[in-house]
Amino acid sequence: MKKFFFDLAGELPAHDVLGRQCKSDEEAKDHAQFIAHRIGTERPTFAKPGNYISVRDESGREVFEAPIKPTIRTQVARH
Numbered sequence: 256m257k258k259f260f261f262d263l264a265g266e267l268p269a270h271d272v273l274g275r276q277c278k279s280d281e282e283a284k285d286h287a288q289f290i291a292h293r294i295g296t297e298r299p300t301f302a303k304p305g306n307y308i309s310v311r312d313e314s315g316r317e318v319f320e321a322p323i324k325p326t327i328r329t330q331v332a333r334h
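First residue of the sequence shown: 256, per our numbering; consecutive thereafter.
Calculated from the structure, these hints are not laboratory results. The reader is advised that the hints may include incorrect statements.
[To be verified] Distance ranges between label pairs, derived from CB positions:
1. 299 - 268: 11 to 21 Å
2. 322 - 270: 17 to 27 Å
3. 318 - 292: 29 to 39 Å
Every residue gets a Cβ at the ideal spot worked out from N, C-alpha and C, and that includes glycine.
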């Protein structure tokens, strides 16, 4: 397994110092998209152009970017 790092990039950057073991580049991409979706849901103010999750491999090379997008919440009508 390879180690990947998932940094918050953009307005308020934060570096992942621990990293995460992933079986493949595709698994790292999926994990980055999960993080970006969760941030967009839990912190909608972070969902703006230029904010994204940057995935780095062990050599420090960026291999993927997952944009943080707003999550549209629908309200359920209650009767």
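Hint by hint, where does the structure go against what was stated? Just the numbers, ascending. Number 3 only.
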